[in-house]
Amino acid sequence: MKSKLFAAVGAAALIVGLMAAPSFAQQKTSGFKLMMTPKWTGFPYFELTGEGAKAAAKELGDTLVYAGADHADVSLQVETLQNFVTQKPDGIILAAIDLNAVAPVLKDARKKGIVVGTYDADAAVPARDLFVNQLSYDQAARVMLDAALIDAPEGGEIAFIAASPTSPNHVAHMKIMTALTQSEDKYKVFKVVDTQYAGDDDAKSYDVAVNLMQAHPNLKVIISSSAVSAPAAARAIEATGHVGKVWATGFALPSAIKRYLENGSEKAFAFWDPYELGYVAAYAVHMKLAHKFEPTEGAVLDVPKAGKFTTFKDGEVVYGKPLIFTKDTVGKYNF
Amino acid sequence: MASQAKRQWPYWEIALVVAIFGAGAWSSTLSPYYLSIDQLFGSTRAFIIPGLLALGLAIVVSLGEIDISLASIVAVGTVALAKFSAAGAPLALAAPVVVLIGALCGTLNGLLVAKWRLPSLAVTLGAMGAYRGLAFIVGSEVGYTDFGDSYSWLGSEYLLGGVVPASLVLFAIAAIAVWFLMHRTVYGRRCFSIGLNRDAAWFAGVDVVSQKVIAYALAGAFAGLAAIVWIGQYGSARGDNADGSILFVVTAVVLGGVDINGGRGTISGVVLALFLLGTIRNGMGLANIGGPTQTVVLGGLLVAGVLRPVAVSAAARLTHPAKLKAAGAQGDDIGGQ
Numbered sequence: 663m664k665s666k667l668f669a670a671v672g673a674a675a676l677i678v679g680l681m682a683a684p685s686f687a688q689q690k691t692s693g694f695k696l697m698m699t700p701k702w703t704g705f706p707y708f709e710l711t712g713e714g715a716k717a718a719a720k721e722l723g724d725t726l727v728y729a730g731a732d733h734a735d736v737s738l739q740v741e742t743l744q745n746f747v748t749q750k751p752d753g754i755i756l757a758a759i760d761l762n763a764v765a766p767v768l769k770d771a772r773k774k775g776i777v778v779g780t781y782d783a784d785a786a787v788p789a790r791d792l793f794v795n796q797l798s799y800d801q802a803a804r805v806m807l808d809a810a811l812i813d814a815p816e817g818g819e820i821a822f823i824a825a826s827p828t829s830p831n832h833v834a835h836m837k838i839m840t841a842l843t844q845s846e847d848k849y850k851v852f853k854v855v856d857t858q859y860a861g862d863d864d865a866k867s868y869d870v871a872v873n874l875m876q877a878h879p880n881l882k883v884i885i886s887s888s889a890v891s892a893p894a895a896a897r898a899i900e901a902t903g904h905v906g907k908v909w910a911t912g913f914a915l916p917s918a919i920k921r922y923l924e925n926g927s928e929k930a931f932a933f934w935d936p937y938e939l940g941y942v943a944a945y946a947v948h949m950k951l952a953h954k955f956e957p958t959e960g961a962v963l964d965v966p967k968a969g970k971f972t973t974f975k976d977g978e979v980v981y982g983k984p985l986i987f988t989k990d991t992v993g994k995y996n997f
Numbered sequence: 012m013a014s015q016a017k018r019q020w021p022y023w024e025i026a027l028v029v030a031i032f033g034a035g036a037w038s039s040t041l042s043p044y045y046l047s048i049d050q051l052f053g054s055t056r057a058f059i060i061p062g063l064l065a066l067g068l069a070i071v072v073s074l075g076e077i078d079i080s081l082a083s084i085v086a087v088g089t090v091a092l093a094k095f096s097a098a099g100a101p102l103a104l105a106a107p108v109v110v111l112i113g114a115l116c117g118t119l120n121g122l123l124v125a126k127w128r129l130p131s132l133a134v135t136l137g138a139m140g141a142y143r144g145l146a147f148i149v150g151s152e153v154g155y156t157d158f159g160d161s162y163s164w165l166g167s168e169y170l171l172g173g174v175v176p177a178s179l180v181l182f183a184i185a186a187i188a189v190w191f192l193m194h195r196t197v198y199g200r201r202c203f204s205i206g207l208n209r210d211a212a213w214f215a216g217v218d219v220v221s222q223k224v225i226a227y228a229l230a231g232a233f234a235g236l237a238a239i240v241w242i243g244q245y246g247s248a249r250g251d252n253a254d255g256s257i258l259f260v261v262t263a264v265v266l267g268g269v270d271i272n273g274g275r276g277t278i279s280g281v282v283l284a285l286f287l288l289g290t291i292r293n294g295m296g297l298a299n300i301g302g303p304t305q306t307v308v309l310g311g312l313l314v315a316g317v318l319r320p321v322a323v324s325a326a327a328r329l330t331h332p333a334k335l336k337a338a339g340a341q342g343d344d345i346g347g348q
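Respectively, the protein sequence lines represent chains A and B. Be aware that the first sequence starts at 663, since it is given in the numbering used here, and climbs by one per residue. Be aware that the second sequence starts at 12, since it is given in the numbering used here, and climbs by one per residue.
It should be emphasised that the hints constitute simulated quantities derived from the structure, not laboratory data. Fair warning: there could be bad hints in the mix.
As the list claims (entries may be wrong) - 20 Å max Cα-Cα, derived SDA-like pairs, lysine to any residue:
(1) A/K750 with B/L46
(2) A/K750 with B/L192
(3) A/K853 with A/A865
(4) A/K750 with B/Q50
(5) A/K716 with B/N299
As the list claims (entries may be wrong) - Some chain A residues near chain B, calculated using beta-carbon distances under 8 Å:
(6) D732
(7) S737
(8) E741
(9) A763
Unchecked claim - Computed far set for chain B versus chain A, every beta-carbon distance over 12 Å:
(10) Y44
(11) K94
(12) G99
(13) W127
(14) D251
(15) L297
(16) V307
On a predicted model such as this, the values are computed, not experimentally measured, just so you know. The C-beta atom is built at its ideal place from N, Cα and C for all residues, glycine as well.
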């Protein structure tokens, strides 16, 4: 431990020597160096969050680097974060693959004075300063059930497809949805009959959806929090001739489900604006760096272009603007 | 012939060393943060876990077999460590048991491959799914993170003034041990002989079955060791630990010059290939080069590794047609460095 301390002091002295004044200039309000990594790059959803964050950084006079591996692999994400820390940024923004595995490197970053903000998927609370949550778990559960009500107003049997039993938000959504179908009159028309896991994999989701329809002849709605599984379920319904009998809904990018909504085989899906989510995440980290926003319970983050967002316990800033896409509205969105 | 083969220059290893320095020089132009002692040593941590797997896999591949279930065995090891930690067991007890569990998983693979002579790719593909499923069942729905300091020491501590990661020292010891085993013991010589010609080795009195089972057990034990490093490095035990890392491991072994059909290869080549891949990924990572580009570069290197034996023999045929005929099928780097 002692030797580590000496090394840290030595490293700090070196940094001071190399960087001289700039990093210690008091009350810096812009020109921050931000670095952002999503769960994986190349997926339209995450690319849009990156573009939103870049737009925010540009308006605020910061620079933002967006990088990461091309598939969701936690060791690669930790490596990316390690590389970020080496480059001495002011702030790091990420969507965590495994909330705990990223914790050691993020704690190290925070020790070096880097502000860490998560979005989309949180890291362990002590490892980050704030979390911009797209929707609270309760909101997400309600908006998916509302979409299911558009599909099947008369109600009936519903089944879930989640990524895996270790995916925290999917599991929480399913628990709340199940509770709502038992407690709230509006949702009591639904009865949960099955839960399956498809690992955010397109082909597996398709097979799982086909199996669900075979196993439950009276199935009405398949609901998934996964933007991969929900469109795959819609495809399975169309391919197996269940159009009009079974509906798919949940979270999906408009581009992925546009044709099903337009040809009438599906009625409603839900999501949020990923571009604006990324914008707000970068904005929040910037404001924290500029000492204009402290993510304490009750604090309000004012983002002129997007709205005012309240902070809840443990630095959770809820973005909370769900969107429901139907045949009439899906054409308005370009992601 | 054998003595002549021994004195031959290790061309591939020299090429790898040159490539490592080239990649390092290139990396230092890509990013101003690359050239620092802390950074260079620290970045090696990302390659210790695949490195340990590659050492084990190299033994298996020298026999002409493969084991793609190693990453799943790592997950079995991490969730087992979680159980030990939750039960309050000391690391001194947990560590050997986890290495043993890894060895047992490997032994099972080895028995299926060697005793019942099933194709190793099919066996370990099945084992990959089975061990992964086992890890999910044991690890339950939520991950475990409540590890004590002793559990995380190996994967998180830095030695020698806080610069050299403890896991790098472990890897160095493991690499030297495997090098000794493969190039300085009868066991290693027999592995290569089985890889070159299984039947000839059998007629010469080599116990092919136990050779293979031991190789798989060793590879599994290294996966168990990697699980201990994983806990220190990431502090998270879940069923999906190390999922998807096997491709990098295979790349390192093949690029290191181990013939995928068995019989040829050196451990020093595998270690150098790991350093080359590590240097390239570190440099590109610090330059924030996108994931798809990195995958293309690594994939290209894998192809280069596979093509190498073909290119070498083609070049040899062009330059020394007569000499090659005399050398026959004798391996160029058996028993090399």
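Hint by hint, here is what the structure shows:
1. A/K750 with B/L46: holds (14 Å)
2. A/K750 with B/L192: Not satisfied, since the Cα-Cα distance of roughly 43 Å exceeds 20 Å.
3. A/K853 with A/A865: violated (26 Å)
4. A/K750 with B/Q50: The hint holds at about 12 Å.
5. A/K716 with B/N299: It holds: about 15 Å lies between the C-alpha atoms, which stays within 20 Å.
6. D732: With Cβ-Cβ at 3 Å, under 8 Å, it holds.
7. S737: holds (6 Å)
8. E741: holds (5 Å)
9. A763: Hint on A/A763: holds, closest Cβ of chain B at ~4 Å, below 8 Å.
10. Y44: The claim breaks: B/Y44 does not keep its Cβ more than 12 Å from every Cβ of chain A (closest is about 5 Å).
11. K94: holds (16 Å)
12. G99: B/G99 clear of chain A: closest Cβ-Cβ about 20 Å, beyond 12 Å.
13. W127: Given that every Cβ of chain A is farther than 12 Å from that of B/W127, nearest at about 30 Å, it holds.
14. D251: The claim is violated: B/D251 sits with its nearest Cβ about 7 Å from chain A, within 12 Å.
15. L297: violated (5 Å)
16. V307: violated (10 Å)
Hint compliance for this structure: hints 2, 3, 10, 14, 15 and 16 are broken, all remaining hints hold.
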